[in-house]
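Heads up: the protein sequence lines correspond to chains S and B, in order. At position 409 of the first sequence (counting the first as 1) the number is 409 in the numbering used here, and the numbers step up by one without a gap. At position 126 of the second sequence (counting the first as 1) the number is 126 in the numbering used here, and the numbers step up by one without a gap.
Hints in this document: simulated from the structure, not taken from any laboratory. Please note that a few of the clues may not be correct.
If several chains are the same, the list does not tell them apart, and a pair holds so long as it fits within one copy or across any two.
EDC-like cross-link-like pairs, simulated, lysine to aspartate or glutamate; straight-line CA separation at most 20 Å [claimed, not checked]:
| no. | residue 1 | residue 2 |
| --- | --- | --- |
| 1 | Lys434 | Asp178 |
| 2 | Lys254 | Glu148 |
| 3 | Lys40 | Glu176 |
| 4 | Lys394 | Glu68 |
Given the structure is predicted, the values throughout are model-derived calculations rather than measurements.
Number of protein chains: 2
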Amino acid sequence: MNKNETLHTNTENIRKNGKELENKLVNIKGWVWNKRSSGKIRFLILRDGKGFIQCVIDNPELFSIFDECTQESTCEIEGILKEDKRSPLGFEILTKTIKLIHKTIDYPITPKEHGTDFLLDHRHLWIRSRKQFAILRIRHSVKHYIREYLNQEGFIEFDSPIFTPSACEGTTTLFEVDYFGEKMYLSQSGQLYQEAGALSFKKVYCFGPTFRAEKSKTRRHLIEFWMVEPEVAFATLEDIIDISQKMISYVIQKVLENNTYELILLERNVEDLRKIVPPFYRITYSEAVDIIKQKGISFNFGDDFGAPEETAISENFDKPVIITHYPKNIKPFYMKIDPQNPEFVLNMDIIAPEGYGEIVGGSQREDDYQTLLNRMKEENIPIEDYQWYLDLRKYGSVPHSGFGLGIERFVAWICKLEHVRETIPFPRMLYRYKP
Amino acid sequence: MNKNETLHTNTENIRKNGKELENKLVNIKGWVWNKRSSGKIRFLILRDGKGFIQCVIDNPELFSIFDECTQESTCEIEGILKEDKRSPLGFEILTKTIKLIHKTIDYPITPKEHGTDFLLDHRHLWIRSRKQFAILRIRHSVKHYIREYLNQEGFIEFDSPIFTPSACEGTTTLFEVDYFGEKMYLSQSGQLYQEAGALSFKKVYCFGPTFRAEKSKTRRHLIEFWMVEPEVAFATLEDIIDISQKMISYVIQKVLENNTYELILLERNVEDLRKIVPPFYRITYSEAVDIIKQKGISFNFGDDFGAPEETAISENFDKPVIITHYPKNIKPFYMKIDPQNPEFVLNMDIIAPEGYGEIVGGSQREDDYQTLLNRMKEENIPIEDYQWYLDLRKYGSVPHSGFGLGIERFVAWICKLEHVRETIPFPRMLYRYKP
Numbered sequence: 001m002n003k004n005e006t007l008h009t010n011t012e013n014i015r016k017n018g019k020e021l022e023n024k025l026v027n028i029k030g031w032v033w034n035k036r037s038s039g040k041i042r043f044l045i046l047r048d049g050k051g052f053i054q055c056v057i058d059n060p061e062l063f064s065i066f067d068e069c070t071q072e073s074t075c076e077i078e079g080i081l082k083e084d085k086r087s088p089l090g091f092e093i094l095t096k097t098i099k100l101i102h103k104t105i106d107y108p109i110t111p112k113e114h115g116t117d118f119l120l121d122h123r124h125l126w127i128r129s130r131k132q133f134a135i136l137r138i139r140h141s142v143k144h145y146i147r148e149y150l151n152q153e154g155f156i157e158f159d160s161p162i163f164t165p166s167a168c169e170g171t172t173t174l175f176e177v178d179y180f181g182e183k184m185y186l187s188q189s190g191q192l193y194q195e196a197g198a199l200s201f202k203k204v205y206c207f208g209p210t211f212r213a214e215k216s217k218t219r220r221h222l223i224e225f226w227m228v229e230p231e232v233a234f235a236t237l238e239d240i241i242d243i244s245q246k247m248i249s250y251v252i253q254k255v256l257e258n259n260t261y262e263l264i265l266l267e268r269n270v271e272d273l274r275k276i277v278p279p280f281y282r283i284t285y286s287e288a289v290d291i292i293k294q295k296g297i298s299f300n301f302g303d304d305f306g307a308p309e310e311t312a313i314s315e316n317f318d319k320p321v322i323i324t325h326y327p328k329n330i331k332p333f334y335m336k337i338d339p340q341n342p343e344f345v346l347n348m349d350i351i352a353p354e355g356y357g358e359i360v361g362g363s364q365r366e367d368d369y370q371t372l373l374n375r376m377k378e379e380n381i382p383i384e385d386y387q388w389y390l391d392l393r394k395y396g397s398v399p400h401s402g403f404g405l406g407i408e409r410f411v412a413w414i415c416k417l418e419h420v421r422e423t424i425p426f427p428r429m430l431y432r433y434k435p
Numbered sequence: 001m002n003k004n005e006t007l008h009t010n011t012e013n014i015r016k017n018g019k020e021l022e023n024k025l026v027n028i029k030g031w032v033w034n035k036r037s038s039g040k041i042r043f044l045i046l047r048d049g050k051g052f053i054q055c056v057i058d059n060p061e062l063f064s065i066f067d068e069c070t071q072e073s074t075c076e077i078e079g080i081l082k083e084d085k086r087s088p089l090g091f092e093i094l095t096k097t098i099k100l101i102h103k104t105i106d107y108p109i110t111p112k113e114h115g116t117d118f119l120l121d122h123r124h125l126w127i128r129s130r131k132q133f134a135i136l137r138i139r140h141s142v143k144h145y146i147r148e149y150l151n152q153e154g155f156i157e158f159d160s161p162i163f164t165p166s167a168c169e170g171t172t173t174l175f176e177v178d179y180f181g182e183k184m185y186l187s188q189s190g191q192l193y194q195e196a197g198a199l200s201f202k203k204v205y206c207f208g209p210t211f212r213a214e215k216s217k218t219r220r221h222l223i224e225f226w227m228v229e230p231e232v233a234f235a236t237l238e239d240i241i242d243i244s245q246k247m248i249s250y251v252i253q254k255v256l257e258n259n260t261y262e263l264i265l266l267e268r269n270v271e272d273l274r275k276i277v278p279p280f281y282r283i284t285y286s287e288a289v290d291i292i293k294q295k296g297i298s299f300n301f302g303d304d305f306g307a308p309e310e311t312a313i314s315e316n317f318d319k320p321v322i323i324t325h326y327p328k329n330i331k332p333f334y335m336k337i338d339p340q341n342p343e344f345v346l347n348m349d350i351i352a353p354e355g356y357g358e359i360v361g362g363s364q365r366e367d368d369y370q371t372l373l374n375r376m377k378e379e380n381i382p383i384e385d386y387q388w389y390l391d392l393r394k395y396g397s398v399p400h401s402g403f404g405l406g407i408e409r410f411v412a413w414i415c416k417l418e419h420v421r422e423t424i425p426f427p428r429m430l431y432r433y434k435p
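The following block holds chain S by itself, in its conformation from the complex:
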């Protein structure tokens, strides 16, 4: 390579290999994120889709092109890469040339404060901001490391269908679709199909969008959200508790290792995340009720926990807490009854710390044909529609267990966000479905 040759690079590469590029002529394409002047020097912060870098301009001949480069204009900058210990990136560019590719006029999202509705209306542009950039890159990492963990453990991705013909838990929170004259529903969970998968492939997961037509407006709910649902044959409740806590810890430790830059941009206290290593805390439903009552919260034993109870419980713990053995009456028909205590089921929820609520729900599944059939009849589930599901207990039945983890809540916790809506590129909420 010629000594003076320009190196086409990007901020991700600079973050990783900056030392090798130091004092060399580099070329970066991107967009003007921000600008400022200070005496005889101009500063242009370029975002290139991989990060943000400060370009220092001390040559007055460049000042007129600098002035042309409005916020979000597309441009190409060449200059010498210099160390800059104050920046999260560690480097800055001493600018030699600026080329304007496309001039932007009146970019709507200015550096001033904007209301959330305005930002959501401009979500296609809001994702260019530094905070959204960091969140959505962490979302990518979270999805990636979940798969990496599961694949290493011998799982295969086995897609559950989105169009599902029946609605076992009632249709009130389901979206209905006219499927060539037939009523079909958008999947709320791929679990039942994963059970068929587990009996074929031993360890499977689905990882796709799911849909809940819930008329609730909370900071923890989206109408369209992504969920990973692993299911394992020859596995008990204890086995999936083990897998789920290892998976959560693996992902968080990997994000800490590889998303340092994004966590700095978010000003996330990483010490709280470093603690997230197995084993998590373990309590039963009954013990959780005691905690709630000790806090003076009025609660009836046998009821399900809502957000306030989850928050109250999680305050006692600096790591996730796994709550097992809920009353069977508040849990779905497919959970296996606890043989030691038949009013309870072999299930578990994992409550995240810092008030992020339930991030995992799972259970051992009922694997006895007659027990499951009776339970379904008790709950008036249309047997005919679920004969295929019952078949899994008729042909090669086996103890099996699984869980689901909602990605958006997990990302909200890792990024410490107020609301899940920022954890997905284009959130779908009760009154929000554009752009």
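Since the structure of chain S is already known, use the hints to place chain B on it.
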């Protein structure tokens, strides 16, 4: 470890590390796939979700439990692992003990031939068969290696929404959903949202289910199918041709390397796949029309290619062929007009060999605001609904390009299947939506 200790293992581990386990006592849990007798020896083929292994039983004391172990019964087998060069796995088990976990009676899918409708009705069990096992494991690999390739190239996964508020190409092939009183549609493509993503993150892709309400019954179409859609900022048509052919080759070469077992089970001729390395063949639309006409097929210049034309073209090539520069009138409004020849667009389709048809469609996108606006008006696209999309040309516009690859056709080609319906766990077709 005690010399006689039992090693709990599975067939995937045996495939990879069989030599280390040879002559040792192993324990495998799984299901009876098939059985036979030959003189004083019994053979039980166990499937454990990771593969199939023959268990040889020469101890007459085990014959009664062998008889109990009907097809698809769940059981646990212990024995000594021995080399068996005739089996695709390379090993067999000399059985010491058999434990029956769950006895299956009258498993509906017997080793005899069944009709496709019967098999699709029993899809939850059909996936246990050897061929379906191999196909769906290859599907997993294909998805995995696509992401691996894109991640290595600096892409991030950026989820497009499934619920989309408008229908730019007409509603005839869209599924409509009542979204709390608003009409919404299930996504047919995440592309437009990926363009917003590319201008924020430079290289993005979505990889999720998409939906087409097409009333067609062909062996290449599904109602619900998975698509990967990469989109790149600062990229021309040539750039994405390069990315797409490298991605396809990468995935195929990785499958050849890591799914040998599955390809053997499918009896796939791997020599045809080894050839799939870049560069692929390149022709223009006009050259493709010449090929069709030379074959005596009646075709009007300016029409789009259907399955028969694609097959006719692909017969001339032993690798995929990339067809570029289609007439603009048969392509969507967002494709960039060829400045050299404004009746054509800067697009490309990739046609797979062996008659598998179009597996990739892509283009450079129109990046000039006024040109795109005019084109949308010409095609009566509701501008207001797409103002957000036009914004991408107003604020920081940049040459950008992308493509989509349908997973099911790609898997069908790799596995050399007659019909795409076997490439997805639970296919959704015109008259097929259960279980």
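Hint check results:
1. Lys434 <-> Asp178: between (23 Å within a copy, 15 Å between copies)
2. Lys254 <-> Glu148: For Lys254 and Glu148, both the intra-copy (10 Å) and inter-copy (17 Å) Cα distances are at most 20 Å.
3. Lys40 <-> Glu176: neither (63 Å within a copy, 59 Å between copies)
4. Lys394 <-> Glu68: between (72 Å within a copy, 15 Å between copies)
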